[in-house]
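K.L.:
As a plain string of letters, each chain reads:
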Amino acid sequence: MEILLLLFIPLLGGFLLAFFGNHRLAAELNSIISFLTLINAGFLAARIISYGSIVVFHEQFFVDPFNIFLVALTALVAFTTSLFSRPYMRIEQHHGKLTENRLRLYHCMYQFFTFTMLLALLTNNMGILWVAMEAATLTTVLLVSLYRTPASLEAAWKYFILCGVGIAQALFGTILFYFAAEKLLGIHSSLLWTHLDEVKNRLDPTVMSVAFVFLLVGYGTKVGLAPMHNWLPDAHAEGPTPISAVLSGLLLNVALYAVVRCKILTDGALHNHFAGNLMIGFGLLSLIVAVFSLSRQKDIKRLFGYSSIEHMGLITFAFGMGGPIANFAGLLHMTVHSLTKSAIFFTVGHAAQKTRTQIMENIRGLLVQSPTVGWGLMLGSLAILGMPPFGVFASEFLILTTAMKQEPWATPLLLIALAVAFAAIFGKVQPMVFGETTAQRTPHPPALLPVFLHLSFVLMLGLFIPMYLANWYREAAGLIGY
Amino acid sequence: MTIPYGFIFQFIQLIMALVLSPMFLGWINQCRCWLQNRKGPGVFQPYRQLVKLFYKDAVLAENASPLFRMTPYFLFACMCLAGTIVPVLATNLPFASVADVIVLVGIFALARVFLALAAMDIGTAFGNLGARREMMIGFLAEPALLMVLFTLAFISHSTNLTTIVDTLSHTRFIIYPSMAFAMAAYLMVLLAENSRIPVDNPSTHLELTMIHEAMMLEYSARHLALLEWASSIKLYDYFVIGFALFVPWGIASGSHLSSMLLAFLALFIKLAVAGFGLALIEALSAKMRIFRVPEFLGTAFMLAVLGTLTHFLLEA
Amino acid sequence: MSLFNSSIQGLPLSIILDILVYWLVIGFSGLIFIHNRKIVSQILFPLGASGGIVMIIITAASIAHSPSSAILSLGLPDLPFHIRLDALSAFFLFLLGISSTGICFFSSGYFSRDGNFSPGLVCLQFHLFLVSMAFVFLADDAYLFMIAWETMALSSYFLVVTDHKVPEIRKAGYIYLLMAHISATAVLLCFGVLQKAGPQGIGGSYTFEMMRHLNPDSFWATAAFLLALFGFGAKGGLLPVHVWLPEAHPAAPSPVSALMSGVMLKTAIYGLLRVTFDLLHLQIWWWGILVLTLGLVTAFFGVIFSAVQNDMKRLLAYSSIENIGIILSGVGLTITFQSYHMQTLAALALIATLYHCLNHACFKSLLFLSTGSVLHATEERNLGKLGGLIHRMPWVAFLALIGTLAIAGLPPLNGFVSEWLLLQTFLLTTGFPQPYLNMLIPVAAAGLVLVAAVAAYVMVKFYALIFLGQPREVRQHEAKDANYWERLGLSWLASCCVLLGLFPVEVIKLLNTVPGLLLGQATKKVASQANWLFLTPLSPDRASYSPMLFFGAAAIIILITFLGVRLVYHGRVRRSSPWDCGYPMQTSRMQETAESFGQPIRTIFSPFFRMHSELPSPSDLEPHYRNITEDRFWYLLYFPIGRFFHFLSNLFGRLQQGRIAIYLLYSFLTLILLLLLI
Amino acid sequence: MIPLSSQLLNLLAALFLLISFAMLAQRRILSLIHLYACQGLVLSLSALIVAYSTSQSHLYYSMFLNFALKVLIVPWILHRLIHRLNVQWDVETLINIPTIMLLGLALVIFAFNLSLPIVHLAGTINRSTLGIALASVLLSFLMMITRSKAVSQVIGFLALENSLIFAATSITYGMPMMVELGIALDVLVGIFILGVFFFHIRNQFDSLELKHMEKLKDN
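Going down the list, the sequences are from chains V, P, Y and S. Under numbering that gives the first Met the number 0, the first sequence is numbered contiguously, ending at residue 481. Under numbering that gives the first Met the number 0, the second sequence is numbered contiguously, ending at residue 315. Under numbering that gives the first Met the number 0, the third sequence is numbered contiguously, ending at residue 677. Under numbering that gives the first Met the number 0, the fourth sequence is numbered contiguously, ending at residue 218.
Mixed in with the good hints, there may be bad ones.
Chain Y is nowhere near these chain P residues, computed Cβ spacing over 10 Å in every case [said to hold, decoys possible]: (1) PHE6; (2) PHE10; (3) VAL18; (4) GLY39; (5) LEU59; (6) ALA124; (7) THR208; (8) VAL246; (9) VAL272; (10) LEU283.
If you want the footprint, here are the derived chain S segments under chain V, 3+ residues with CB under 8 Å [unchecked claim]: (11) 20–32; (12) 138–150.
These aren't lab readings, by the way, just hints derived from the structure by calculation. Remember, it's a predicted structure, so these values are computed and weren't measured experimentally. A virtual CB, placed ideally from N, CA and C, is assigned to each residue, including glycine.
Just chain V, same shape as in the assembly (with noise of 0.2 Å):
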């Protein structure tokens, strides 16, 4: 039942922002939306951690503790991120960008989005997966390209044609997976991912490789796997800040959770590290290709952008070396990985409203323009660039030793990567929160609740995560398996 709410919620609320989008209350109704279904995540999760996973209505949908870690996830952002879009949108219309039919689409959209992913997570069918990914993209290209500047159409038309295409592979995979389950499993149940999962081990091999690899393909030009990257910064630039921030926070992780499925299916079929060796691969060249080009940024959101792809690779990278702790550590990564990520782009956000440009150069001394955006750009750098005590130091901890463990050769350019994407992002941060500015303090400090409600989050899973969650990730990560 909470399932079908919890897809219901964000629909509703899409169609009502459709009409009501431009009302003087709609960002408040944007956000209480989110936090409905917020509350309903909140009991499915409860739910499944007492009750382990279920399967309903005619088996098409399908929630276990891998999947609905990510529900709970998606909604806590979406939340949050309304809760940050509402003054940042309306400053936002101040200042012009925007008229009052675009906070419409946009209110209408983040509603949709937020529904595309939930069903991107709950379904337990192949293809309605692929179904919802692309509408995902069909909702987040219109939300990119809101601004209808040049730079923001062409971005948008750079993510539509590119994810299209990779969409296209993906589905391609999933036909050939249909192909190969068909003759198993008879044609109405050949999709469903827990049918799949039971007969995994006699899925034909070389049709099942093939399929995988046109489902990374597909999929990982949605995760933003180099070298089908390119996309993403400048979706993550052009877009508003609150869609760069659910972007990066839940768009990602939710690709990723389509192409790990994929590899638990390929995996079993092929009995091989096939699979995983590729996801390896792919994780590493995305680290490598993403700090590398950190340090050539000028747009700030650019810069985290990259940076994104920096850590998706490293969460590809875990996920394909697998076992228990390093798919641990991939969940424990996109957790924080995601609060952090949006986080930094809520400040960011505000930092750029403030100067009024995205250009680095002219960022400069945020902590005596308003110390709360500067404190919070500072931390969430030093967070999502892995210093301790927060938590993104601890999962890239445990994926740096297992790697020690299983991969030693990878382990010395991981490190190199990190390093080097420190160099890059604390040389430009540094200056932006520190020096000195010609522009006086701002008189209100702005509402940076969310920030500092996500980065609390993050050093508290650095300093100490709580058993159920812990439970939760090591049963999440026992069912990803190798």
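With chain V's structure known, arrange chains P, Y and S on it following the hints.
P.N.:
Okay, now just chains P, Y and S, sitting in the frame of chain V:
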């Protein structure tokens, strides 16, 4: 019933250091006069000098700090201590175990640092210049000195001077080739540390090349007297250390008055010869430019290291 | 406290944890009074100092006890924070307590003066720094160690950039945190190697307890050791990864510089010792030689560079590099001895090393703090512009003199004791299997002596230019002496220097449990048959030293001389202007400057510097002389690396050049490639 | 003896591939749209045949769906678009068609080789169509790469999607209905969004040349 003897020796040594050192300085100057066929002022000239200085009124610069006034006493004390540690007459010195050769070098360094600080206290150009040069010579000479001592220490497996002297003099006689290097190095260090020609000229003022004198320019009367006295004791100390290390024969190990007297005699002879030797060196060699001092002391250092290495090559 | 509920054996450990919590509370209460300078400086910092004092007592009492450990219910699942208090950590905590007490006292005076910083924030970062360092010493699993390690770096970074309006300080902070992070990655990799052989599973082998039990083979052991050497060396300022140190230490406020130099650098030594002797069980002789050589090179480099500095804090920073070098050479000796199972000698070397750590913590903190007072009194850090402060600030001058003599390694103060012990160790080294080593050791000893001698030179420069002579600038005429809190802090540290110098035997009795822990229980106690008066490392006839008697005798002689002179003669004194060979028109500008005092070193060791100097030509109307001495390593190592990475990033930047067709092509080719691979 | 239906199906597959090649080489946008419609027709015909020969009822629906969407609606929308944007006559400059053709040929061979090991276990009546489907996927991919105009790129995208559906219907009697519906919906929405996009792009860059959209890059 040896302990009182030990303390007696100790005390005698201290007194000797105080009393003999000016005379030794006088002897050296006398020899130099003879070698430059002049008629010297006599061996006791330094005593007269000291007494005269003690009677004078002290003149201090306005901005002289307490440090400046205390330094002569510190210096004097350091040199006296050094004198007591070195076995000059006998080796069973109770106080010798207070400090070994490394501490000895440390004492000299302490004295040097205090003198340099005092020299810079007034803030005159000459004082600064002297202090800088003195410290430079210090950090070049100290390693050489320590390496010399290390050679000996390696030979005798000890850094206690008394033990070294015991092993060298009272065990059966062995020829140590490393000693030759060590001795040469020690001689060079001695010249540098006591500001003798060719490194510095003790009997000069108002020269841009002066080192030791430049540091004492601002001193007068009793302070100057103490400093002069201290530097003569330093010279004496260096010589007796040299004797203890390289020609330890005659130093009493037991505590009989006979051997005591013998040691006394031996010391006199050594001092006389060595003083003359020093005078000879000074008379023959010309003072070198300050820029060449590093090379000079570098050579000393190299020699000392070579000494150690030869010890490990040939003797170990 | 609910956090520490789970299984703490032993009272000392729990008390130490309480102290840490106490410090944390102080720090966070700084946030409450974030702008209230009076409360923060007059109340919070002294409270922190009280914590330090308790720390000293507890550790001194518990250092001889058997290791006690605890598990905090924090950290990762299956990997809660393990902490352990053994002799080594107790010693370093003792060190932390000693210098932090003095520094806290001083800070309460220092931060009471106004500057553009928010005192509460500084208070928080300061105490966080203390706590993280303590946790570094206490940590018993890799995760907690890394967290404490990085938190230490982070909090100190924020302290360094306290005055972030100044661009140089920002740059220094950046370099500092970057190097700290790189060193941390190396350390992390080292732990990764150490736990490599361990079983799978979270928390599998991340605890040091586990690491102690899995013995990696010599290859992986060497890898771990080299990584540790790099990582910890980078933290400690080992060549060639020292470049951050002379930037960061001067940039920080003086109490912070003191804490960084005095204690934080020792965490590197601690880590190296912990990994090399505690976690690894086999040592290979060439490790020791490597460390010894590196240490000596570092020491030499540090000392000659400190000799040519003009900025007093930079000078001290380089001298920290020197001291770390000396300490590391001691560590190297220890490793070599241990690898040849000469445990007594190893123990002696280790004792000397630890002793020097302790001494350096005292006198370097003391000197940094005194520069802080000078800085406050004159707003001037260029040695060439100071001078004559002994008249204006007698307290600081006197206490700094003690520190100066101590760091110059002069008897009877503490610096001399540790160098004496180290030299003794060198001298006792004869029994190596390789003749080469036997040759090398004396040369190394010579190098050490050279370093010590140059250090004396440097310190004369430091002290004389700041406190002696005539004021070189007008401003120094109204310089004020340190206030009471500052005096308290300074005198605390100064008295530590004196006591450590005068009672070495007692201190060594304290340290003696550490070799037992690290080198095996069989180790014979150092200075076992020494009574409190005479320090005899092995046997009285080999070497002995009694600072107390030395001091007493010197004092007596001074007294007698003084009285004698006064009684026999007179004490009349006249004051007049300095004579100076009768040269007229002496001005204070005719004194030595920092550059001129460094000149001998520059000329003698010129190949080591990267200098360019602007000399006046004879026809200059207003001649001016400038000399810039730089570190070659920037040009030999760091700039090339930077260029290389820049080149790489340009290469990768080509990927993103805007044409959508190209992007599609990437995706297409990837697909084809993978399909071919199958 | 191969049954007639499968012979027909193979014929349609060949046609499909042929059309893909034609699209790859076609310069004029209007005829591109026509080709796309033909492709849709072939697609729905093949669906019909499969449905008939295997009497799978849901395939009829999917056939109707495809027909409606790919033969009527989408081409109609595209026509409207290019008329409104009045680009129906413009011709794009393809670089060197023979090379592209050769590339396409290579791709076809590659696709066939790739599909060989898979095909043999296809129990369906349509052995070799997987290779063709894969080939046409790659071909339309290539087409997207080589095009320099927004509209034609989109047509390439649609062709890609077409060939996917072709693969679905021909090798695995089509996907489950719900999925097909979802896909169709996505395509429809996508077309609408793209249509809106064209206008924005034209307003911003006053042309649909992709070369205007190369501003965002690292430098």
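K.L.:
Failing hints, ascending?
P.N.:
5, 6 and 11
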